Amino acid sequence: MITIENLRKSYGKLQVLKDINVSFGAGRVISIIGPNGSGKTTMSKAILGMVLPDSGDIKVNGESIVKKHAYRSQIGYMPQIGRYPENMKIRQVIDMIRDIRKDVKQADEELIGLYGLKDMYEKRMGSLSGGTKQKVSAALAFMFNPQILILDEPTAGLDPISAEILKSKILKEKKKGKLILITSHIMSEVEEVADEVMCLVDGQVKFHETIADIKLQTQESRLSRAIAKILNEED
Amino acid sequence: MNKIIKYVFYDIIRNKIVLAYTLFLLLLSFGLFNLGGSPDKAILSLLNLVLLTVPLISIVFATTHFYNSYEFMELLVAQPINRKKIFMSEYLGVACSLSGAFVLGVGIPMLLFGATITGLYLVLTGVFITFIFVAMAFLASVITRDKAKGIGIALLLWFYFALIYDGIVLFILYSFSDYPLEKTTLTLTALNPIDLGRIIVLLNLDVSALMGYTGALYKSLLGNLWGIGLAFGLLLLWVILPLFSSRRIFSKRDL
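Heads up: the protein sequence lines correspond to chains S and V, in order. In terms of full-length UniProt numbering, the first sequence has 228 at position 228, counting the first letter as 1, and numbering is strictly consecutive. In terms of full-length UniProt numbering, the second sequence has 39 at position 39, counting the first letter as 1, and numbering is strictly consecutive.
One chain only, chain S, in its complex shape:
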C-alpha cells in the first residue's frame, strides 16, 4: 500500500532521513521504533506530504504522492502533539473537519462515544488537557474510515483505560484490512498490537521484520529483550 523509495530529507545540515527504502502492505500493523530524533515523525510527515522530501519517492497505492493532495482522503493521521485552534470548541473542530470531508457519507463515531467526547463538546480546545486533546486527535483520525492510519505515539499521555480503548480499536480496524503505522516507545504495547517492527536509527532502516521472526532469530521470548539484543549485536 505504501512504498518508500530512496527517501532523503535534511533540515539544513542535519540529515534526518538517509536513503530509506521500505514498503508496507495492507492488513498489517507496523510499529516504527527508534531512539528520539531518529526520523520517525519526519517519515510519517513525509507520507502525509507535510514534509517535502529532498529526493526519492513515496507511493501510496502505486501512485506517487509528491505534490498531490487527494490521496490524503485515504489516510487518517494522529499527530504526536495535537495542536488545535485554541478558541474553537471540540464540537466546532469536529464539525469543521466533517464539513470539509463531506465526501464521506458514514462517519465512524465509535471513539467519540467511547471517550465520552460529547459531554465535553462545549469546551474550548485551549482549555483541554494533553490527554483529552489526544482523544480528539484519535477520534478525528479514525472518523472517515481511512485505508491507512498513521498514529504518532498514540498512547503517550492517555490514561490506561483510554489507551486500552485505542488498542482494541486499532486491532478492530486491522481486521478490516487497513494498514496501520504506529510509532511508539513502549515495547509491551508494540508486542500487543503490531505484526511487524521497523527500526530507524539515525535516519536509516536498521531492520524491518515480523515480530515472530525477530523472536525466532534472537531466541528471546520478550520483544524488548530481542530488540535490545539485535541493537547490541550490531554495535
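One or more of the hints may lead you astray.
[To be verified] Straight line, CA to CA, 25 Å or less: simulated DMTMM-like cross-link-like pairs of lysine to aspartate or glutamate:
(1) S:K59 x V:D254
(2) S:K67 x V:D254
(3) S:K133 x S:E122
(4) S:K229 x S:E209
(5) S:K133 x V:D254
(6) S:K18 x S:E5
Think of the hints as simulated: they come from the structure by calculation, not from any bench. Just so you know, these numbers come straight off a predicted model, no measurement behind them.
Fit chain V to the known structure of chain S by using the hints.
Below, chain V alone, put in the same frame as chain S:
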C-alpha cells in the same frame, strides 16, 4: 475553498479587532466630514490618515493572524486539501474582512455626506492598499517561523513604504534637482503602492494644481481614465507579486 474561507471569517469576526477597526474608521470619517468645509477637504484629510493607518493595521493584523492560525493550517494540511487552497483561503478571508471593514467605515460616511468620484477612488485605493499589505504580511510570515521576527519584518515593511520611502524620494529629488526628473519621479511613485494611491486620489482633487511641474506631468499622464486604469493596474501588480511569491514559498515549505 469556500468552506475554509467561511471558517477563517468566523475566526476573525469572533476576535473583536475588525469590529473595533470598523468603528475607528467610522468615527474618523464622520468626524472629518463634520468638521465643516467642503467634502473635498474632508477627503483630503481622510486620505492622509487612511494612507498611514490602513497599511499599518492591515499588515500587523494579518501577520499576527497568520501566526495564530498555524494550528488551524496544520490541522488542514493533513486533510485532502491542496496547500495553495489553504493559503488562498487564509488570504482572502483576512483581506476581505479588513476591506469590508474599510468599505463600511469609510464608504457609509462618504455616501451620507455626498459621494463624489474622488470618494470612490479613495475607497478603491483603500481596498487595494489593504489587499497589498495583507499580501506583504503573509510574505513576511512565510519567510520566518518566528512570530516576533515576522512581526518585525512586517513593521519594517510598513516603515519603509509609509515613511522612509518618501524621505528617499525627497532626497533624490533634492540632490538631482538640476536634472529633469519628471520620468524618474513617475517611476519612483510606481515603486510605492502608498504613493500611487495618494496620487490617484490627489489628481482628482483641485489641489493637484499646487503640485508644480511634476503635478502637471502627473495630471497629463494619470488625469484621464486611461491613466487611472494604469495606476490601478500597477496596484493590482502590487497585490499579485507578494501574494504569489508567498504562496509559492508556503506550498514548498515543511510544516
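Cross-check of the supplied hints:
Taking the CA atoms of S:K59 and V:D254, the gap is near 19 Å; set against the 25 Å cutoff, the hint holds. Between the alpha carbons of S:K67 and V:D254 the distance comes to roughly 13 Å, so the proposed pair stays at or under 25 Å and holds. Taking the CA atoms of S:K133 and S:E122, the gap is near 14 Å; set against the 25 Å cutoff, the hint holds. Taking the CA atoms of S:K229 and S:E209, the gap is about 15 Å. The hint holds against a cut of 25 Å.
Taken as a hint, the S:K133 and V:D254 pair is honoured in the structure, with Cα atoms around 23 Å apart against an allowance of 25 Å. Proposed proximity of S:K18 and S:E5 is supported: the alpha carbons are some 11 Å apart, at most 25 Å.
Of the hints listed earlier, there is not a single one the structure fails to meet.
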